Amino acid sequence: MTADELDPLIHVPTRLKIVATLAALPEGDTLSFTRLQDMIGLTPGNLIIHLRKLEEADYISSKKSSNGTVSITTVALTGHGRAALDDYTKALRALLGGL
Amino acid sequence: MNPMPDTTTAGNGGNFDPQQAAVLLNQTTQQTRRRTEPFPPWLVAIRAVLALVIYGTIWLSVRGQHPYHWPTAAVIPVVVVLGLVNFVATVTVAKRATSGVSGRTSVRTADVVFWAALWAGVFAVMGVLIGAGVSDSVVYGIYPATVPVMVAGVAWAVVAASRANWRAAGSATAAAVVGAAGAFAGPAGSWAVVGVGLCVVLLVNAAAVAWRQRRSVVRA
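The listed protein sequences derive, respectively, from chains L and V.
Be aware that the first sequence starts at 39, since it is given in my numbering, and climbs by one per residue.
Be aware that the second sequence starts at 10, since it is given in my numbering, and climbs by one per residue.
Calculated directly from the structure, the hints in this document are not laboratory data.
Keep in mind it's a predicted model, so treat the numbers as computed, not measured.
Treat the hints loosely; a few may be bogus.
To be verified - DSS-like cross-link-like pairs, simulated, lysine-lysine; straight-line CA separation at most 30 Å:
| no. | chain 1 | residue 1 | chain 2 | residue 2 |
| --- | --- | --- | --- | --- |
| 1 | L | Lys102 | L | Lys91 |
| 2 | V | Lys104 | L | Lys102 |
| 3 | L | Lys101 | L | Lys91 |
| 4 | V | Lys104 | L | Lys101 |
| 5 | L | Lys91 | L | Lys128 |
What the hints assert, rightly or not - Covered by chain L, per the in silico footprint, the following chain V stretches (three or more residues, Cβ under 8 Å):
| no. | region |
| --- | --- |
| 6 | 41-49 |
| 7 | 116-127 |
| 8 | 130-140 |
Beta carbons are placed, not taken as given, at the ideal position from N, Cα and C, and that holds for glycine.
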C-alpha cells in the first residue's frame, strides 16, 4: 500500500481535522457550525468550502434550523463518512505498521 | 491551533505524509474528546476527594455515638455548601463542554432539573420518615448515607445505558452497589463505607476517562 491510495477527500489536513472532530463525538451527535469552527480554528468561508466537499461525498450532513431570530447550522458525520474514516485509519495503520 | 500546513488544492494532500496524518488524527481526536467531555477527569477526581471529605467528616462526628443520634449540627452547613458547590461546578463545566453539541453527549436543562428534583425528592422522603417517627439510626444514618447514592446511581445507570454510554453506566452501577453495601455497615459505618467506596469509584472513573482521552487512534 502507498500513500496515494489514502482517500484523497480525507487526506487533506483541514478535512482530516473536520472528520476526526466529528468522529470523536458519539455516533448520531451533531456539532454546531460555530463550535466546529472554534475547534478547528478556521475562518467561516474556509470551513464552508471544506464542508461542502465533504457533504458532496456524503461524508457529512448539515442541517439548518431557526431558533427565533438566530439561524443555527449543525454538522454531523454520516455513516458513510464514519466508514470512510475507518478505512482511512486502517490504511494509515497499514502504512505505518502500527497498532 | 493549526499545526499542519493546509493543502486544499492537492487531491492527495500534497506533501502531507501518512506520519503527519497520523499525528494530526491523534491530536484532533484527543483534543475533541477532551474539549467535549462533560465530566472531565480533573473534576471527577475533585468530586472523589469531596465525597471522601463530606462522608468522612460526618463519619468522624458520629463514630463514637452509642446509641446513634445524628451528625453534629456544625457539619450540616459544610456538607450542604460542598454539595451545592459540587452541583453547580458539575453543571457549569458540563454545559460549557457540550455547548454546540446535540445528541447523547449534550447536557440539557431538563437533565439538570431532573437531577435537582431527584435529590430534592430523596430528602423530602427523609422528612416523611422523620414525621413517621422512624428511628434516628435510619433517618439520620443509614438513609441519608446510602439512599441518595443508590437512587442517583441507579438513575444515572439507566440514563447512561439509554445513551449507550457503557463506561458511565458501569460507574453509576458501581456507585449504587457502594450505597447498597453501606446499608449493611450500620448507621455510623455506612458513612465511612459509602465515602471510601464512592471515592474509589470516582477515581477509577476519572482514570478511565483520562485513558480514553489520551488513547491514540493510530500509532504515529
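Can the restraint linking Lys102 (chain L) and Lys91 (chain L) be considered satisfied, given a maximum Cα separation of 30 Å? OK: Lys102 (chain L) and Lys91 (chain L) at ~17 Å, within 30 Å.
Restraint status (C-alpha distance of Lys104 (chain V) to Lys101 (chain L) at most 30 Å): Given that 30 Å is the threshold and the Cα spacing comes to 22 Å, the pair holds.
Are there three or more residues in the region 130-140 of chain V whose C-beta lies closer than 8 Å to some C-beta of chain L? violated (count 0)
Measure nothing beyond the straight line between the CA atoms of Lys91 (chain L) and Lys128 (chain L); if it is 30 Å or shorter, mark the hint as holding. Satisfied, since the Cα-Cα distance of roughly 22 Å is no more than 30 Å.
Given coverage of the region 41-49 of chain V by chain L, checked by CB-CB distance under 8 Å (3 or more): With 4 residues closer than 8 Å to chain L, the region 41-49 of chain V meets the three-residue bar; holds.
Within the assertion that chain L covers the region 116-127 of chain V, do at least three residues meet a Cβ-to-Cβ distance smaller than 8 Å? violated (count 0)
Can you confirm whether the C-alpha distance between Lys101 (chain L) and Lys91 (chain L) stays at or below 30 Å? 15 Å, holds
Hint check: Lys104 (chain V) vs Lys102 (chain L), CA-CA at most 30 Å. Holds or violated? Distance of about 22 Å is within 30 Å: holds.
Comparing the model with each earlier hint shows violations of hints 7, 8; every other hint is respected.
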